[in-house]
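Chains as they are written, first to last, in my numbering: chain A, 13 to 319; chain B, 18 to 191.
Since the hints were derived computationally from the structure, they do not count as laboratory data. Cβ coordinates follow ideal geometry from the N, Cα and C atoms, glycine included. Take the hints with a grain of salt, since some may be wrong.
Simulated pairs of lysine to any residue, SDA-like, Cα-Cα distance not exceeding 25 Å [unchecked claim]:
no.	chain 1	residue 1	chain 2	residue 2
1	A	Lys193	B	Trp55
2	A	Lys193	B	Tyr157
3	A	Lys193	B	Thr52
4	A	Lys193	B	Leu46
Which chain B residues face chain A? A few, computed with CB under 7 Å, are given here [what the hints assert, rightly or not]:
no.	residue
5	Ile28
6	Pro34
7	Trp35
8	Ala38
9	Leu50
10	Ala88
11	Leu96
12	Gly98
13	Leu102
14	Tyr109
15	Gly110
16	Ala124
17	Pro138
18	Arg145
19	Tyr157
Over 10 Å on every C-beta distance to chain B, these chain A residues come out as not near it, computed from the model [stated by the list, open to error]:
no.	residue
20	Tyr34
21	Leu65
22	Leu124
23	Gln206
24	Leu223
25	Pro289
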Amino acid sequence: MENQPPPFFKRGPAPLALLSFYVALSVALLVVDARLQALEVLRQALSLFTQPLQQLAHLPAHSIASAGDYFVSLTHLREENARLQQARMEKATTVLRTQQLEAENERLRKLLGVKERQHARGQVAQILYTARDPYTRRIVIDRGQQDQVVAGLPVIDDAGVVGQVTRVFPFVAEVTLITDKEQAVPVQIVRTGQRSVVFGLGNGQLELRFLPANADVQNGDELVTSGLDGIFLPGFPVARVVHVERDTSYSFARIFCMPLAGVENFSEVMVLEQRPPVALPAEIAQPGREAKALKSASVRKKRPRRE
Amino acid sequence: MQTSYRSSARILLPVRPWFIACSLAAALLLNLLPTAPWPGLPDWLALVLIFWSVREPRRVGMGLAFLCGIAMDVADAGLLGQHALAYVLAVYGGGSLSRRILWFPLAQQALHVLPLLLLVPLVQIAVRTVAGGEFPGIGYLLGPLLATVLWPVLTFVLLLPQHQSVDHDANRPL
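Just chain A, same shape as in the assembly:
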């Protein structure tokens, strides 16, 4: 191999011209992506290249984890088994009664002429990784378009609501956590039945907004989904109130909650099936309304202005 002298004249465009071109291109991409959300197809196409690389990168971590699982001691497994058996026995009474109660509930609802409650169904997905970017509270799961996952589906784990599918790629999907700043979940306080909307704060906590300063909220109150959004089925645990700030100079109380689900842990989650759209009365039903509601479920942040 020999060392060629650099060509004297052919050096392409000047660096500054190139710089301005690429900066303009990046800024255009940023604006289009942030404001118009019109680049999903480009993202999906690019993910076909990055996805295999990502799988390759996660191979060592996964193999270490599975090797660790393999060498878990027998006593540990025995203990866990005993614990699970006990938990199952403890839960058995409730579970057995639940079945009976659900049947009874169904019958009573039929008698009353109320629509039957929908059963939750879904598919189990494995969390692949958390996004490295500190600004995005998102996880990536191993179900995608191939498994009929669509954007907008709710995601739960064994303790409560985790988030909502926001982007779908061929083999994986991105789930925006309920702690993300742009995520909102309509909830109901179990103790009082009060309905509200809980917003992510971006630091692992949630905030219950737009409740008056004298609202009946206490520390330890549990929030469940209210189901008013037409996306989440009612009754899934979302968060627990940990701190209430009441300042009479503001009209709203500041209520902080912690999510109940293991939102930021690596584990398995369940992607629920799409909730059948509730039929609206004919005078307010508009074509395409459901699809729109499902697509843009992340509500823009509206914080009460503090003077």
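Please build the complex by placing chain B on the supplied structure of chain A, with the hints as guidance.
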């Protein structure tokens, strides 16, 4: 090949393009490792891109930086263009400073590179702040400091293939 303060002591072989490609791919893989719980780790792809833009400014330019940035954006679920913008700016800085940086010893080279490495997270913070995010904490800025410390090590490792001599002599190491 660029002149460097060491060029009197050791003449390097010209770099092989496939080695640049492999080092960039390896850096991308390192970036894709599931290291989200440790925010202080350096951005390997930015480090390697800046290294090659300083060493070989005519081979590694802003076009390559832009492509790497887009790949990182898709993989990271960030805004499309946030890494791309940061990498393009850093590589432009590296390319235009390369003739100056390479005359210094390694420790001082690392100090010259620190602002470029800091530029990458700072640009991303600026972009996300404009888009409505909040400052993610000072841990985000620790990565470039660690990357600066790694600069001499990286220089040694990435220049190893260029240290070999053309005529193979069985009696001489390297």
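Cross-check of the supplied hints:
1. A:Lys193 x B:Trp55: Holds: A:Lys193 and B:Trp55 sit about 21 Å apart, inside 25 Å.
2. A:Lys193 x B:Tyr157: The given pair, whose Cα atoms are some 19 Å apart, holds under the 25 Å limit.
3. A:Lys193 x B:Thr52: holds (22 Å)
4. A:Lys193 x B:Leu46: violated (29 Å)
5. Ile28: Not OK, violated: B:Ile28 not within 7 Å of chain A, min 10 Å.
6. Pro34: The hint is violated - B:Pro34 has no Cβ within 7 Å of chain A, the shortest such distance being about 11 Å.
7. Trp35: Because about 12 Å separates B:Trp35 from the closest Cβ in chain A, which is outside the 7 Å limit, the hint is violated.
8. Ala38: violated (14 Å)
9. Leu50: holds (5 Å)
10. Ala88: Constraint on B:Ala88 satisfied, holds at 6 Å.
11. Leu96: Since chain A brings a Cβ to about 5 Å from B:Leu96, closer than 7 Å, the hint holds.
12. Gly98: This interface hint holds because 3 Å falls under the 7 Å limit.
13. Leu102: Status holds, d = 4 Å.
14. Tyr109: Holds: closest Cβ of chain A sits about 5 Å from B:Tyr109, inside 7 Å.
15. Gly110: violated (10 Å)
16. Ala124: violated (27 Å)
17. Pro138: violated (10 Å)
18. Arg145: holds (5 Å)
19. Tyr157: The hint holds - B:Tyr157 has a Cβ within 7 Å of chain A, the shortest such distance being about 6 Å.
20. Tyr34: violated (4 Å)
21. Leu65: With a cut-off of 10 Å, A:Leu65 comes too close to chain B, as the shortest Cβ separation is near 6 Å.
22. Leu124: At roughly 46 Å from the nearest Cβ of chain B, A:Leu124 sits farther out than 10 Å, so the non-interface label holds.
23. Gln206: holds (29 Å)
24. Leu223: Given that every Cβ of chain B is farther than 10 Å from that of A:Leu223, nearest at about 23 Å, it holds.
25. Pro289: holds (28 Å)
Hints 4, 5, 6, 7, 8, 15, 16, 17, 20, 21, counting from the list given before, are not met by this structure.
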